[in-house]
Amino acid sequence: MTGTRIGKWRRILLFLASQAIILGGVVWATTQRWEHRQDVRALPPLRERAIKLAPLHDCPWMVTDEQLEASLRKVYPRFRGPEPKMNYVDHAFRMWGPDAVFDDPEALSGAELRDLLLNHDEFAKVWPNNPPFLVKTKTGPSMRYKEGRETASHIDHSLSSISETGISRDYPVRTSEEDTTFGELVRTSLRDFSLDEMEYEWSTLAYALFLPPVKSWYTTEGQELNWDRIADRLMREAVDQGVCFSQHRHHSLVAVLRAHDEAGPILSPAGRKRVIGYLTAVSRLLVHSQHERGYWDDQWYAGKPAATHADDALSGDTLTNRLVATGHTMEWLALAPEEVLPPRENLTRAAQWIVRTLEQLDIEQIKNQYAFASHAADALALWRKTTPAEFMKTRLRKPQEQSKSSRDNG
Amino acid sequence: MSVSTTTELPEVSSMAPAPSLLKERLSVPWTAIPVVTACAAFFTYLNYIPLFYTDIWGHVGYGKWMLEHRTLPTEDPCLPLSAGVPVVDTSWLSQLLFGWLASVGGPEALSLVFTVTLWCTYFLYTRAFYLLSGRIWLALIGTFLTWFLGFGRHSIIRPEIFGGFCFATLIWMVVHGEPWRSRSAKLACDEEVDARTPWLLWIGVPVLFLAWTNLHGSFIIGLIVLGCHAVGRTLQVLWTRRSLWEVLRDRWVIRWTLLTELALGATLVNPYGVDLLIESALFGRNENLKDILEWYELKLVDAEGIQFSVAMLLWLGLYRFSRQRVSPTDILLLLVFAAGMALVIRIIGWFAGVFALCMMPHITEVGSRLQDRWAARRMRGAESDRPESRRFVYTLVCLLVAWCGFALAPVGRQVLGGQPRPAASQYNERTPLGITKFLRENPPRGLVYAPQWWSDWLAWDGPPGIKTVVSTNIHLAPKRLWDGYMRVSKGETYWDNLLDRWAVQAVVVDKEKQKRLASEVRGSAVWKVIYEDDLGFIATRRTASTSG
Numbered sequence: 001m002t003g004t005r006i007g008k009w010r011r012i013l014l015f016l017a018s019q020a021i022i023l024g025g026v027v028w029a030t031t032q033r034w035e036h037r038q039d040v041r042a043l044p045p046l047r048e049r050a051i052k053l054a055p056l057h058d059c060p061w062m063v064t065d066e067q068l069e070a071s072l073r074k075v076y077p078r079f080r081g082p083e084p085k086m087n088y089v090d091h092a093f094r095m096w097g098p099d100a101v102f103d104d105p106e107a108l109s110g111a112e113l114r115d116l117l118l119n120h121d122e123f124a125k126v127w128p129n130n131p132p133f134l135v136k137t138k139t140g141p142s143m144r145y146k147e148g149r150e151t152a153s154h155i156d157h158s159l160s161s162i163s164e165t166g167i168s169r170d171y172p173v174r175t176s177e178e179d180t181t182f183g184e185l186v187r188t189s190l191r192d193f194s195l196d197e198m199e200y201e202w203s204t205l206a207y208a209l210f211l212p213p214v215k216s217w218y219t220t221e222g223q224e225l226n227w228d229r230i231a232d233r234l235m236r237e238a239v240d241q242g243v244c245f246s247q248h249r250h251h252s253l254v255a256v257l258r259a260h261d262e263a264g265p266i267l268s269p270a271g272r273k274r275v276i277g278y279l280t281a282v283s284r285l286l287v288h289s290q291h292e293r294g295y296w297d298d299q300w301y302a303g304k305p306a307a308t309h310a311d312d313a314l315s316g317d318t319l320t321n322r323l324v325a326t327g328h329t330m331e332w333l334a335l336a337p338e339e340v341l342p343p344r345e346n347l348t349r350a351a352q353w354i355v356r357t358l359e360q361l362d363i364e365q366i367k368n369q370y371a372f373a374s375h376a377a378d379a380l381a382l383w384r385k386t387t388p389a390e391f392m393k394t395r396l397r398k399p400q401e402q403s404k405s406s407r408d409n410g
Numbered sequence: 001m002s003v004s005t006t007t008e009l010p011e012v013s014s015m016a017p018a019p020s021l022l023k024e025r026l027s028v029p030w031t032a033i034p035v036v037t038a039c040a041a042f043f044t045y046l047n048y049i050p051l052f053y054t055d056i057w058g059h060v061g062y063g064k065w066m067l068e069h070r071t072l073p074t075e076d077p078c079l080p081l082s083a084g085v086p087v088v089d090t091s092w093l094s095q096l097l098f099g100w101l102a103s104v105g106g107p108e109a110l111s112l113v114f115t116v117t118l119w120c121t122y123f124l125y126t127r128a129f130y131l132l133s134g135r136i137w138l139a140l141i142g143t144f145l146t147w148f149l150g151f152g153r154h155s156i157i158r159p160e161i162f163g164g165f166c167f168a169t170l171i172w173m174v175v176h177g178e179p180w181r182s183r184s185a186k187l188a189c190d191e192e193v194d195a196r197t198p199w200l201l202w203i204g205v206p207v208l209f210l211a212w213t214n215l216h217g218s219f220i221i222g223l224i225v226l227g228c229h230a231v232g233r234t235l236q237v238l239w240t241r242r243s244l245w246e247v248l249r250d251r252w253v254i255r256w257t258l259l260t261e262l263a264l265g266a267t268l269v270n271p272y273g274v275d276l277l278i279e280s281a282l283f284g285r286n287e288n289l290k291d292i293l294e295w296y297e298l299k300l301v302d303a304e305g306i307q308f309s310v311a312m313l314l315w316l317g318l319y320r321f322s323r324q325r326v327s328p329t330d331i332l333l334l335l336v337f338a339a340g341m342a343l344v345i346r347i348i349g350w351f352a353g354v355f356a357l358c359m360m361p362h363i364t365e366v367g368s369r370l371q372d373r374w375a376a377r378r379m380r381g382a383e384s385d386r387p388e389s390r391r392f393v394y395t396l397v398c399l400l401v402a403w404c405g406f407a408l409a410p411v412g413r414q415v416l417g418g419q420p421r422p423a424a425s426q427y428n429e430r431t432p433l434g435i436t437k438f439l440r441e442n443p444p445r446g447l448v449y450a451p452q453w454w455s456d457w458l459a460w461d462g463p464p465g466i467k468t469v470v471s472t473n474i475h476l477a478p479k480r481l482w483d484g485y486m487r488v489s490k491g492e493t494y495w496d497n498l499l500d501r502w503a504v505q506a507v508v509v510d511k512e513k514q515k516r517l518a519s520e521v522r523g524s525a526v527w528k529v530i531y532e533d534d535l536g537f538i539a540t541r542r543t544a545s546t547s548g
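In order, the protein sequence lines correspond to chains L and W. FYI, my numbering numbers position 285 of the first sequence as 285, with every residue one higher than the one before it. FYI, my numbering numbers position 524 of the second sequence as 524, with every residue one higher than the one before it.
Keep in mind that a hint or two might mislead.
What the hints assert, rightly or not - Label-pair restraints from in silico Cβ distances:
hint: 1; chain 1: W; residue 1: R377; chain 2: L; residue 2: R11; range: 13 to 23 Å
hint: 2; chain 1: W; residue 1: G273; chain 2: L; residue 2: E83; range: 55 to 65 Å
hint: 3; chain 1: L; residue 1: T139; chain 2: W; residue 2: W239; range: 45 to 55 Å
hint: 4; chain 1: L; residue 1: A20; chain 2: W; residue 2: G273; range: 18 to 28 Å
hint: 5; chain 1: L; residue 1: A270; chain 2: W; residue 2: G434; range: 30 to 40 Å
hint: 6; chain 1: L; residue 1: P343; chain 2: W; residue 2: I292; range: 49 to 59 Å
hint: 7; chain 1: W; residue 1: G434; chain 2: L; residue 2: R41; range: 40 to 50 Å
hint: 8; chain 1: W; residue 1: K299; chain 2: L; residue 2: R11; range: 48 to 58 Å
As the list claims (entries may be wrong) - Some chain L residues near chain W, calculated using beta-carbon distances under 8 Å:
hint: 9; residue: K8
hint: 10; residue: V27
hint: 11; residue: T30
hint: 12; residue: W34
hint: 13; residue: E197
hint: 14; residue: E199
hint: 15; residue: L225
hint: 16; residue: R236
hint: 17; residue: E237
hint: 18; residue: A238
Since the hints were derived computationally from the structure, they do not count as laboratory data. Using N, Cα and C, we set each Cβ at its ideal position, and we do this for glycine too.
In isolation and in its complexed conformation, chain W is listed as follows (with noise of 0.2 Å):
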């Protein structure tokens, strides 16, 4: 017996059943039970997920406030401080969205938007890789490298899902529109289907930047996908046909050329133009974004750190022992996207899908020889080799796992008539509640500093029109400003100073993450603490400053 290496669909022509009984028709393998069992636990589990106390609240509070004023925020409207400090918007849609959610149905219904859009991302890449491997075992191997290597950046409800959401999105088209990346040996030769035009890309290319740019400011990293793409498949024709006539020629050089600019031209449509392309480009190089852990340089003895070395380690082994052929597109890919994850770790999260990608062949060439040879030693072992038979009681039991996930997360047992889920639960545990409970009641006179952490929670669940030193927009933050932040916020000299200096009436303190200026606070004889709870307090001037 011969063992196939072909990464070819295998399961094509068993997935045209015959249009007998429609009982038939709907049978499955005992193999989607554990399928969609994990789909369903995973549904459950991100639905559980509560609501972080970050940036969040930033972008549902602007949401708000576009819907109430009808236009785009020029400047933030809650950081006096950085007034006149230029908003470019570049998540404005992602925040209309969360802030017609959160309007509509209240911090469950961003749980769910939250739930499905990341659900539906890896589905996307499963769907992307099982059409790379031809195996769901495979093809969950690999979507589960992509939630491994991206796990830091799975669990916060932000505009960046719908990032990931349009970046696997991209990934589905690339693998689905693109018949040589898998199967170059097989396809080596079929001109018929080389020449076929791939409508989904040329189609879904424009209309899904067209998404993304008014989503996110992630579009760039799509745009260097496709470029990467075409810049790759060029250098594998000029390697391999030594010739730059052929390049010239090559229908998928054109291709990609033309789909990289078909999307770039698709970024333009936003209401920023081709600002919105210049400041996401230029976002990264914001130097107040240095002190914040995600902007961080790599470091291998960090969570991403592990992360990535796993990564190589497993890019290596499976470079050693995979029997496949090694793209130029692939490599170009991997190599500028683990250059900016040595640069800023934040890139994580997409060189996860990337690597993924760039990975399957492999991992589709090694598992499928390793299932064969395993295959072929139990047909040795066992008298008959028993076809895998499909059932409809499989597919009752697929559905009824499926509806228990769904009654088991909250959104299902909010729909079927339970109780919505206590603030404790819908809200991380450090969501500052009480404080701005408290807030509410006893309004500020003016200027609060708080966190960049906690200032958008401030903003969306404090009293109405409570401004603060900073937000987690702390790219509106003008230097000097954000390094006097940083400055209070770590308890050093002159805090105090500054807090006189920026007119500050107030003080919110986060008694774990701000120990030193916690300890300060408390010794002044200027401020004097009037809330406390386990997560942090406020305090006020003893005595209100003069003013003219």
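Here chain L stands alone, though its shape is the one from the complex (with noise of 0.2 Å):
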């Protein structure tokens, strides 16, 4: 009887020691599992601080000096005061960069701009009525846009627009519900990034600019992105699909090539090869559609001039095509490896085009299409193998020039 009894009761330990291994082995490999599959999920890691691509080439003959500096000096952010549109602060803070100071009391300083951007603070000072730009959202904190003039427009624009500046990952931002980092941003943007975004040029152009050389990582929506997947989706629709007449596609192209290049490879050499085709493509429909008066416009891409009529309209829609399709153009040109450019020829001719543009274009009209300016001059700059702050820092007048120059405008 009492044999009987210590059988069951061995048996019945044996059953729940059975169990407990059974149970505990079967969550122990789901769990490992499970944090594998998270940890193969993750979001990528960032680089310290973003790279920055340098300006390659130096043609004075494009432009001098002079031309430049009288072209960035229209250029100047000249938004002191209420409710300056945020589209033209994240461009003109991508433009003049963090250090840049202006002899224009009416122009921000390269610091007040960034302010600006990432800080709920003094963006409250000048847009006191309206729901932050930085906001905080289900997946992190975030820029706002395509939502009126206190914000952003497009997508992730002010988001690459400052890590082009080559932003630390650790700058601190300040939103209106918390305070944050820049690499906070860039991981929610990493977060809500989908392969089919309608507008992908500005988020992929700051992944670029701050992700290490990585093999691949995930979206939240499964999808595994390598550099190629993403260059292919840049490559993918017709040619004169796309913001600013596609040229932004073609901007983030460079930059993902420059950052293959220069910052350890993100490409396969088969993707580096189709990237530089295509872009070499490019070049050839530029070659071919480019005006003998040296711009571009919006027709680019048809392989021949477009305009043969108001060629030399300075205001309306025609202007504002021709100085976003030229501007645009020169900016990524003037970052592209040699081997996709056109010749110099056709170079030279759209950034004169440029700088009589700019010259014959007044202050305010430059303000109202301050974005399209800001690519036309700081290509400019570019081609010359500096940055308009850089360039600009020892040709401001003292404040004594600066008054005198003030009576002779006045």
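Both chains come to you apart, so use the hints to assemble them.
In structure tokens form, the structure reads like this:
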């Protein structure tokens, strides 16, 4: 009787022990696998500081120092005062960078521009009655876009603009609800990113500058991304599709290419070859489409100069289109490697068209299309292998000169 | 005369004939004739069901791809926009089978495997219900109930049919291996029967789950069934004995628990290991599925809702009139599967089997009482009660009926030298045969937008290497891509921008299901219709888009 009871006890204990082992094993194995899966799908790490694409070509015959100075003075960020358009603020910051100072009291310094973008307290001073620019979303801190003048013009436009200045990952950011870092803004973008995004040019530009060479990573949608895939996405649509006549796609491709060449391989050899081939083909189209006066317009891909009338237009959509196409194109070409560039002759004609156009536009006209003008002026500086802030640093007028200049202008 | 309410097999003694003449041994009662007729008719009916135009072709295509590449796909080879979305192929073995069948026997082979699998599935249900009821007519009622509730899910050939077969096998094993389910009253004190090792379960369950896991992701359902048995039995013992000690001593608590774990262990034997388990468990959480009919929540006005309501009424009625005890396991199974169905109507196929299983003891009890009452009334009215006679001629009639069923079925006609069915009969009438024929003759240059329900067919029957925006593997489409696809499918604003974004070069439109898109494409200055038939049309860009 006692023996039977001991036998039953033993059986029960054996059963319970086996359950503990089996269930513990299953839970452990599943947890391990789940954690591995989460690790694989974790966001990629960020560089400590975004890489800054240095200008490659110094071509004084394209634009002289005097012409460059005159052009850059035209595009000072004269946004002091209430309610500056945030689209212009981020364009100004990407062009001038954080160290810029100006000899015009109306112009915001680089540090002031940065504070407007990354410090809600400063933003609230100039936009007191509007919703914040920096907000906390479900996926993390983010910058509002396409919701009015107090927001950016495109998804991740501000993010890429600030990244282009070589900002640090840990740069402090103050949103309306919390203190965070710029790296968190990039991570939020990575969490929200989809390869099927309608606008993807600025996100990919920011990632190219901020992500170290990683083999691949996963989107929140579960799609594995690598730079070949992103580059293919940038090249997928027809050449005329995209914001600013698709020139931002080319700019992002150049950034990917430069990050690959200078900061560690991120493209496969075949992928790099495809990007070079694509940009070279675009360059060929540009050569054939360039107007004899030097500009490109919304038909830049047509293979022949489109405009035969209103060649001297200095206002309206025609001029805007030319400024958009030529400014953006010259900017990404200035950063592109030699192997994809059109002949210097074409580039010089385009640069001179920009110089003439900026010269003829008055300050108010430029203020009204600041975003486009900033790309054009930035392009001129880049073709002189400098940056706007660097170039202007030694050319700033002293206060007495400023007042004299004001009197002269008055 | 006392009314018998036992559910013990009554014909056990009569099924042990003396080893006399072969003719006598092969004799059957006349009641076998309608049963065989029903089975033969069901076989013929199943074999006449044309191949559907949706995901079967994706599965066949995957199978063919695997046979060609000798490996499992890691990404969908036909969906460039879903590149980078990892594929955990929960049906790889079924697909391999489909791919092989299609290559050796074409569509008729697919049709045959569908017929045989489904027929065997319902045969197993019938057998299980017969074991429960001991009466063939009651078993057929149970099978009919399963068929009726799961009607919406049985006519499409896909790996799920193998899952269904495995499910029916599990139910048969459960009924066969477990004596207390239906015969508790009789065997409650029969320690000897209860103590017998249920070898069918110990060997059958791991083997079944090993196959099931590799055939279809529905093996999770099987694990739930076993888990419910373990928990249900625990609750039952706890309720009746009021002692945890007794729970731990109970033979069937231990058996069901270990069987569940054994099954779980068997599911790990697959090319993906534990990942398959995780993927299968998480599959239903994919947000894209919300746009697919079979993944909708239960609505009582829908067909499944009506079927579900009928089941609920039957449940109430049977519990009201049945004198059979209600098992906690059955209650648990019913609640779990009913809750599952309330969330996703696709569960109805599994709910049907579980519902019939749980109702069978009550159907048997009520049915037996009614039969006995009817028999008693008949005895009072008649002079004598003639025993049911068995005749060899009935056997011959049964064989003739079975032969007719086979001969009338398309497979039989082909085996007997007849002409194969024309394509219009082999394939569902909404299969875009004309569209794929045109595309084969005029292969599109780039990506094709097609409704997801036709994309698999296009990939199978269209020109080699054709790529589409999405397919019936909708879980592989990143959410934003899927939302865009749905937008285009409904012809909503920016449909053409989305086609530009994807660099689509040809659009296939289903005229019946995509009326608005059809109208938008026809009215577009960018798209030109180049082919049209009764089902749909193909449009391409008027001018080729410039590429860099």
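Status of each hint after checking the structure:
A C-beta distance of roughly 53 Å is found between R377/W and R11/L, which places it outside the suggested range of 13 to 23 Å. Distance hint for G273/W and E83/L: a CB-CB separation of about 59 Å, consistent with the stated range 55 to 65 Å. For T139/L and W239/W, the Cβ-Cβ distance of about 48 Å falls inside the hinted range of 45 to 55 Å, so the restraint holds. Taken as a hint, the range 18 to 28 Å holds for the pair A20/L and G273/W, whose Cβ atoms sit roughly 23 Å apart.
Our hint of 30 to 40 Å for A270/L and G434/W holds, since their Cβ atoms are close to 39 Å apart. The given range of 49 to 59 Å is respected by P343/L and I292/W, whose C-beta atoms sit roughly 55 Å from each other. In this structure the supplied range 40 to 50 Å holds for G434/W paired with R41/L, their Cβ-Cβ distance being about 43 Å. Remark: the range hint 48 to 58 Å for K299/W to R11/L is upheld by a beta-carbon distance near 50 Å.
Interface restraint check for K8/L: the shortest CB-CB distance to chain W comes to about 6 Å, inside 8 Å, so the restraint holds. Given hint, V27/L at the interface with chain W, is violated; its Cβ is 11 Å from that chain's nearest Cβ, farther than 8 Å. The beta carbon of T30/L is positioned within 8 Å of a beta carbon in chain W (closest approach about 6 Å), and the interface hint is therefore held. A least Cβ separation of about 7 Å between W34/L and chain W falls short of the 8 Å threshold, and the interface hint therefore holds.
Hint on E197/L holds. Least Cβ distance to chain W is approximately 7 Å, under the 8 Å limit. Below 8 Å, beta-carbon pairs count as interface contacts, and E199/L has none with chain W, the closest being about 10 Å; its hint is therefore violated. Satisfaction of the interface hint for L225/L is found here, the shortest Cβ-Cβ separation to chain W being roughly 6 Å, below the 8 Å cut-off. A distance limit of 8 Å between C-beta atoms decides the matter here; for R236/L the minimum to chain W is near 5 Å, and the interface restraint holds.
Of the supplied interface hints, the one on E237/L holds, with its beta-carbon coming within about 6 Å of a beta-carbon of chain W, less than 8 Å. A distance limit of 8 Å between C-beta atoms decides the matter here; for A238/L the minimum to chain W is near 4 Å, and the interface restraint holds.
Violation of the numbered hints given earlier is confined to hints 1, 10, 14; the remaining hints are satisfied by the structure.
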